[in-house]
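Sequence lines, in order, name chains P and B. So in this note's numbering, the last one in the first sequence is 262, and the numbering has no gaps at all. So in this note's numbering, the last one in the second sequence is 536, and the numbering has no gaps at all.
If you are wondering where the hints come from, they were derived from the structure by calculation, not from laboratory data. It cannot be assumed that every hint is accurate.
Below, a list of computed lysine-lysine pairs in the DSSO-like style, where the Cα atoms sit at most 30 Å apart [to be verified]:
1) B:Lys-487 x P:Lys-189
2) B:Lys-487 x P:Lys-98
3) B:Lys-487 x P:Lys-163
4) P:Lys-164 x B:Lys-527
Here are some of the chain P residues that sit facing chain B, going by a computed Cβ distance under 8 Å [unchecked claim]:
5) Thr-36
6) Asn-49
7) Gln-51
8) Asn-85
9) Gly-86
10) Gln-94
11) Arg-112
12) Thr-113
13) Pro-123
14) Ser-165
15) Ser-196
16) Glu-197
17) Pro-198
18) Gly-199
19) Tyr-200
Glycine included, every Cβ here is placed at the ideal spot set by N, Cα and C.
One-letter residues, chain by chain:
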Amino acid sequence: MNYGPLIFLGIFFTMSLSWLGLVLGPNLQLGKQAPEQNEKTGALYPQTRSGLAQQGAQIYRENGCFYCHSQQVGPKGFSSDFERGWGERRTVAADYLFDQPVMAGSQRIGPDLANVGLRQLGDNFLLLHIYNSQITAPDGKKSNMPSYPYLFEKRKIGRAVSVDALKLPEKFASEPGYEIVPRQEARALVAYLRSLKANAPLFELPSLTPSTNVVEETTNAPAATDTNAAQPSATNSTPK
Amino acid sequence: MSSSTQQSCDGSPTAANSELLSSKEIDASCRFPVFVFFISAAIWFLVSSVLGLIVSIKLHSPNFLAGCEWLTYGRIRPAQLDAMVYGFAAQAAFGVTLWLFCRLGRTRLFAPGVLLLAAKLWNIGIAIGTAGILAGHSTGFEWLEYPRYASPILFVAYALIGIWAVLTFHARRQQQLFPTQWYLLAALFWFAWIYTAANMLLICAPVRGVVQICVTAWYASNLLNVWLSAIGVGVIFYFIPKLTNRPLHSYYLALFAFWGIALFGGWGFLNVNAPLPSWIPSLSAVLGTIMILPVICVALNVRGTMAGYKSAVPSPILNLIRFGAFSFVVAQLMNVVAVIRPLNEILAFTYFTSTQTHWLLLGFFASVMFGAIYYIAPLILNVDPPAAKKIRLHSMVLIAGVIIYGVALSIGGIVQGINLNNSQVAFIDVVKGTFPFLHASTIGSLLILIAGLMLLLNLLSLGCRAGCGCFKNSKKSEVRS
Numbered sequence: 023m024n025y026g027p028l029i030f031l032g033i034f035f036t037m038s039l040s041w042l043g044l045v046l047g048p049n050l051q052l053g054k055q056a057p058e059q060n061e062k063t064g065a066l067y068p069q070t071r072s073g074l075a076q077q078g079a080q081i082y083r084e085n086g087c088f089y090c091h092s093q094q095v096g097p098k099g100f101s102s103d104f105e106r107g108w109g110e111r112r113t114v115a116a117d118y119l120f121d122q123p124v125m126a127g128s129q130r131i132g133p134d135l136a137n138v139g140l141r142q143l144g145d146n147f148l149l150l151h152i153y154n155s156q157i158t159a160p161d162g163k164k165s166n167m168p169s170y171p172y173l174f175e176k177r178k179i180g181r182a183v184s185v186d187a188l189k190l191p192e193k194f195a196s197e198p199g200y201e202i203v204p205r206q207e208a209r210a211l212v213a214y215l216r217s218l219k220a221n222a223p224l225f226e227l228p229s230l231t232p233s234t235n236v237v238e239e240t241t242n243a244p245a246a247t248d249t250n251a252a253q254p255s256a257t258n259s260t261p262k
Numbered sequence: 056m057s058s059s060t061q062q063s064c065d066g067s068p069t070a071a072n073s074e075l076l077s078s079k080e081i082d083a084s085c086r087f088p089v090f091v092f093f094i095s096a097a098i099w100f101l102v103s104s105v106l107g108l109i110v111s112i113k114l115h116s117p118n119f120l121a122g123c124e125w126l127t128y129g130r131i132r133p134a135q136l137d138a139m140v141y142g143f144a145a146q147a148a149f150g151v152t153l154w155l156f157c158r159l160g161r162t163r164l165f166a167p168g169v170l171l172l173a174a175k176l177w178n179i180g181i182a183i184g185t186a187g188i189l190a191g192h193s194t195g196f197e198w199l200e201y202p203r204y205a206s207p208i209l210f211v212a213y214a215l216i217g218i219w220a221v222l223t224f225h226a227r228r229q230q231q232l233f234p235t236q237w238y239l240l241a242a243l244f245w246f247a248w249i250y251t252a253a254n255m256l257l258i259c260a261p262v263r264g265v266v267q268i269c270v271t272a273w274y275a276s277n278l279l280n281v282w283l284s285a286i287g288v289g290v291i292f293y294f295i296p297k298l299t300n301r302p303l304h305s306y307y308l309a310l311f312a313f314w315g316i317a318l319f320g321g322w323g324f325l326n327v328n329a330p331l332p333s334w335i336p337s338l339s340a341v342l343g344t345i346m347i348l349p350v351i352c353v354a355l356n357v358r359g360t361m362a363g364y365k366s367a368v369p370s371p372i373l374n375l376i377r378f379g380a381f382s383f384v385v386a387q388l389m390n391v392v393a394v395i396r397p398l399n400e401i402l403a404f405t406y407f408t409s410t411q412t413h414w415l416l417l418g419f420f421a422s423v424m425f426g427a428i429y430y431i432a433p434l435i436l437n438v439d440p441p442a443a444k445k446i447r448l449h450s451m452v453l454i455a456g457v458i459i460y461g462v463a464l465s466i467g468g469i470v471q472g473i474n475l476n477n478s479q480v481a482f483i484d485v486v487k488g489t490f491p492f493l494h495a496s497t498i499g500s501l502l503i504l505i506a507g508l509m510l511l512l513n514l515l516s517l518g519c520r521a522g523c524g525c526f527k528n529s530k531k532s533e534v535r536s
C-alpha cells in the first residue's frame, strides 16, 4: 500500500499545530477586540492617534526605531521596568489595538518607549535627542543611539533666528549663520513619541490606582508640536 | 527493513531501474541552475556580511556613517538579516536541495532553464526588497521586512523553484527514501505555507493589534527553527555519513528529530511577559522547551555516526559540517534557555537573543552550506575540488569569526541583562557595559566578511576553471573534426 499521501498529511498536520496554537487561537480570542469604555470615567480606550502622530509612527517604522527600543512593559516585580519608570502598569493587548504595524520590539539596546509620552520630556529635548543623542545623554556619557540629521534642515538664518530652530548647546552648535530646523518628519516623530502612553486603567488591571489626570492623559490628544515656539534661545549662535 | 534503512547515501540503484544514470550525468544535469544558486548565495552572503560589519561598528560608534539616511542602523540591520536569510540561506538551500533530490533519487534535473529564470526572479526580488528596506519602505515586521512590491516577485520565483524541486523528487528512480529527503521535501512545502500565511495575515489583510505579535513570532520561529533547521539538519545527515563513508547511525533517531522539529520548532519562543493573554506565552514556552528532545537526537545521531572515526587526512568539509551541527545545538539550547521564566527575566531584550540568531544563521546554517557547496560545486562543474588547504583556511576564518562574535555577544547579552535588571544601574551605564563586547564582536564580523569574500573568490575560480575546461574541450573537438 502507498502510505505517501497519508504521511504527507501527517507531516502537514503536525507542522500546522503551531499555526493553530499561535495564530488561529490568539486571533479567535483577540482578533475582534474593540475599544473598551471605562466604567468610572466613560472614556473609551484606546483612542486613535492624531494624524501627525500617525505619520510619526510611519517615520518610526521607516527608520527601524523598534530594532533598539521595545514598547512593552512587564508586570510589577518582574525585571526592573517599574523601578526604571518605564510604566505604571504592564502593557496589555488593548494598548496596541490601533497600531499598524505593531512595533513592540524585541531588543532594549535603548530604553523602553511604551510610556515615553508620560515622561514630560518636552519637545525640544526629544528633538535634540533625535538630532544627536550625544547632546541629551546624561552626564556627557556616550550614547550609542544614531543621530538623525536628515530629519532636520540646516538653513541660513534670515532676518532672525526661526522660532522653531533647535536650541543647541554651544558644543554642538551648527556653524555660525546657520540654524537647525526640524523637518515635518521630525515633528511627526515627536508627536508620535508623545502619544505613547500605556497607562489607562483597565478592567483586567483593577489593582491600578488611577491618578487624577488619567482621563486627560489617555486621550492621546495630538501632541502640541508648537510648544517649542518659545522665545529663540540665546544659546543659538547668531551671526556676529 | 534494516538493510534498506542503512543504505548508503547514494542509494544504490535497484534492478528495477531500466536505465541507470551515472553520478556524473546527474551532476552535469544540475550544473547551471545549482551553480547559479551557489554564486548568488555567495554574493548575498558578502552583501549581508558587509552590512553586518557596518551594523556591528555602528553599535559602539554611532557616528560611523551617521547622517546617511539609507545606512541608518534601523534600516541596515533588517537589510542585513533578510539578505542573509532570503539571499544567502534560501538560495544555498535551493541549490543543495535540487542536487540532493537528483542524486538521492538517481534522476536528472529536467528543464533547468526554468530554474535559471526562477533564480533570476528571486535575485531581482531580493535586490528590490533590500533597496526598499534601505529606502525606508520596510513593512515593520521582523523577518518579513521586504516591502509589498518585492514579496510577489519572491513568491512567483519560489513557486517555480518549489514546483521544480517537487517534480524532480517525484521523478526519482530510487524509491527508497533517505531521511535527508524527508527533511528537504517538508521544508519545501513549509516555506511556501509560512511565507503565504504570514504575508496574508500581516500585509494583505492585517490581523488586529497584538495578534500581529503572535503571527510575527510564529513566522520567525518557523522560518529559523523549522524551515532552516530542517534543511540544515537534513544536509548534515547526508554529508556526515557521506564524508566518513559510514552508514547513518540511526534512521529512527533521524526520523524522531524530524517529527520533533516539525512539532516543537514553530512555537514562537515568545517573551514571558509579551503583552498577550498569558496562555499564549506559556504555551509557547512549554512547547518550545520540548525542542530540546529533537536537538538531543540530532546530536546523538551525529556523534554515533562519527564515533571512533579517524582519518589520516581530516576533511575540512567534514569540519565545517561538524561545526554546523555543534552550532545547531548551541543555538537551539540558547532558544530554550531564554524562555525559561527566571532566565527570561534576564535574557529577554538583550544581545543574547539576537546572538541566538547569529549562531543559527551563521554558525549552523552557513557552515553546513559552505561545506555542502565546497563538496557539490566541483562535482557539478566537473573540475578538481579546490585545494584542501584553501578550504581549511576558509573554514578556520569562518569558524573563528562565528565563535568570536557569538561568544562575545552571548556573554555581553548576559551582562547587559543583569545590569538591566538592576535598577541601581542607570540605563546609560547598561549601554556602557556592553561596549567591550560590541568591540570584540566587530572583529568577529570582520572575519565573517573575509570568509564571505573567500567563498565567492573560490567559487569564481572554480567557475573559471570549468569555463576554461569547456573551452579547451570544444577546441579539441574542433581540431579533431
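Structure-based check of each hint:
1. B:Lys-487 x P:Lys-189: The given pair, whose Cα atoms are some 27 Å apart, holds under the 30 Å limit.
2. B:Lys-487 x P:Lys-98: holds, 26 Å
3. B:Lys-487 x P:Lys-163: Distance of about 8 Å is within 30 Å: holds.
4. P:Lys-164 x B:Lys-527: Answer violated: Lys-164 of chain P to Lys-527 of chain B is near 62 Å, above 30 Å.
5. Thr-36: holds, 5 Å
6. Asn-49: Cβ of Asn-49 of chain P sits 5 Å from chain B, so the hint holds.
7. Gln-51: holds, 6 Å
8. Asn-85: holds, 5 Å
9. Gly-86: holds, 2 Å
10. Gln-94: Holds - the Cβ of Gln-94 of chain P comes within 8 Å of chain B, reaching about 5 Å at its closest.
11. Arg-112: Holds. Min distance 7 Å.
12. Thr-113: Status holds, d = 4 Å.
13. Pro-123: holds, 4 Å
14. Ser-165: holds, 7 Å
15. Ser-196: violated, 13 Å
16. Glu-197: violated, 15 Å
17. Pro-198: Not OK, violated: Pro-198 of chain P not within 8 Å of chain B, min 20 Å.
18. Gly-199: Constraint on Gly-199 of chain P not satisfied, violated at 20 Å.
19. Tyr-200: At about 15 Å, which exceeds the 8 Å cut-off, the nearest Cβ of chain B leaves the hint on Tyr-200 of chain P violated.
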